[in-house]
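Engineer: Sequence:
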Amino acid sequence: NKAELLTQMGKKLEDRHRRGLRTVLIIDEAHELSDFVLEEIRLLMNFESDNAKHLQIVLTGQPELRDKLNQPNLRQLKQRVALRCKMHSLPNVEEVERYITERLLIAGSEQPNIFTPGAIDYVYQCSEGIPRLINNLCDNSMLSAYASGDLIIGRRTIETVADNLDLLPYQEEVLASEETVEEVGSSRVLRPDAREELWNNQSRVERVEKKSAFKTEIPKPKGNPVPTKPASNGKIPFDDLDDEINLEIEEVGGFY
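With my numbering, the residue at position 26 of the sequence shown is 26, and numbering never jumps.
One should not assume that every hint holds.
[Claimed, not checked] Each computed DMTMM-like pair below joins lysine to aspartate or glutamate, with the alpha-carbon atoms no more than 20 Å apart: (1) K2 x E64; (2) K86 x E48; (3) K2 x E39; (4) K12 x D67; (5) K78 x E39; (6) K78 x D67; (7) K86 x E110; (8) K78 x D35; (9) K78 x E94; (10) K11 x E32.
[What the hints assert, rightly or not] Simulated DEER-style distance windows between Cβ atoms: (11) E102 x I27: 20 to 26 Å; (12) N164 x A82: 40 to 46 Å; (13) L165 x C85: 53 to 59 Å; (14) E102 x M45: 44 to 50 Å; (15) N1 x E110: 49 to 55 Å; (16) P117 x L6: 30 to 36 Å; (17) Y170 x T7: 29 to 35 Å; (18) N1 x E29: 50 to 56 Å.
Keep in mind that the hints were calculated from the coordinates and are not lab data. Yeah, the Cβ is synthetic: ideal placement off N, Cα and C, and Gly gets one too.
Whole structure, please, built from the sequences with the hints as guidance.
Structural biologist: The following block contains the structure:
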């Protein structure tokens, strides 16, 4: 049962401590843990002697982990936290290059410079210096290069992989702006006042089209042109129509 397992664990940890060994429990994605599991983790911290902790626990996760630990029901666990660290993105392409080279060396690569400078620069642009995204881009790029028989990975390979992973630079901003435009357009059409405005302007357009058609269908005079006799108000016929058409077009143009 649980009590027996905890007793066995306590004896094992005490034995390791006596032999000068350090035991560390690392829990990744800790922000996904339930409050119940986090409370059980807190109880594991009770394995200690008068002069040392027998078990050290490292919780890693997204920024949501901080919000979770700030909950009132987890304040006892929060009080046990001795050290907090926050990982920032790599600030420039030089740091990204050093990171990629180091990861390749740790993995046992005898040729850590398989990425061209242009490829590394584009990795930085796509990942914004976030290590997890760098890992994803580089891993898939090496797999793609292996399938193609390429010994060196260039920018074009990174572009293809980034496109497949939806990691192209500024792609999220472009998609977000498109969604915003669609939402604004939809809301405008669905509002009652917008529908009324659209209907009124559509009627204006129809009137303009009719007047324009009437003007363009006037037959050309045959023979020598006859000077047009001014009207009683001194204006040539259809001048008023031109003014009205221009006015209507300006109003419709203002709507757009």
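Engineer: Please go over all the hints and tell whether each is borne out by the structure.
Structural biologist: Verification of the supplied hints:
For the given pair, K2 sits about 30 Å from E64 by alpha-carbon distance, which is inconsistent with the 20 Å threshold. This hinted pair does not check out: K86 and E48 have alpha carbons roughly 27 Å apart, beyond 20 Å. For a cut-off of 20 Å, the pair hint linking K2 to E39 stands: about 15 Å separates their Cα positions. Distance restraint check for K12 and D67: the Cα-Cα separation of roughly 34 Å exceeds the 20 Å cut-off, and the hinted pair is therefore not satisfied.
Between K78 and E39, the direct Cα distance comes to roughly 10 Å. Compliance with the 20 Å bound is thereby established for this hinted pair. Of the pairs offered as hints, the one joining K78 and D67 holds, with about 11 Å between alpha carbons and a cut-off of 20 Å not exceeded. With a C-alpha separation of about 32 Å, the suggested pairing of K86 with E110 is violated against the 20 Å cut-off. Distance restraint check for K78 and D35: the Cα-Cα separation of roughly 12 Å lies within the 20 Å cut-off, and the hinted pair is therefore satisfied.
At most 20 Å may separate the alpha-carbon atoms for a hinted pair to count; K78 and E94 exceed this at roughly 37 Å. Straight-line distance between C-alpha atoms of K11 and E32 comes to about 30 Å, which puts the hinted pair past the 20 Å bound. For the pair E102 and I27, the beta carbons lie near 25 Å from each other, so the given range of 20 to 26 Å is met. Distance hint for N164 and A82: a CB-CB separation of about 42 Å, consistent with the stated range 40 to 46 Å.
At about 28 Å, the CB distance of L165 to C85 disagrees with the hint of 53 to 59 Å. Our hint of 44 to 50 Å for E102 and M45 is violated, since their Cβ atoms are close to 33 Å apart. One distance hint, 49 to 55 Å for the beta-carbon pair N1 and E110, holds here, with the actual separation near 52 Å. A hinted range of 30 to 36 Å is violated for the C-beta pair P117 and L6, which are about 55 Å apart.
Under the hint 29 to 35 Å, the C-beta atoms of Y170 and T7, about 57 Å apart, miss the expected range. Between N1 and E29 the beta carbon distance is about 28 Å. The supplied range of 50 to 56 Å is therefore violated.
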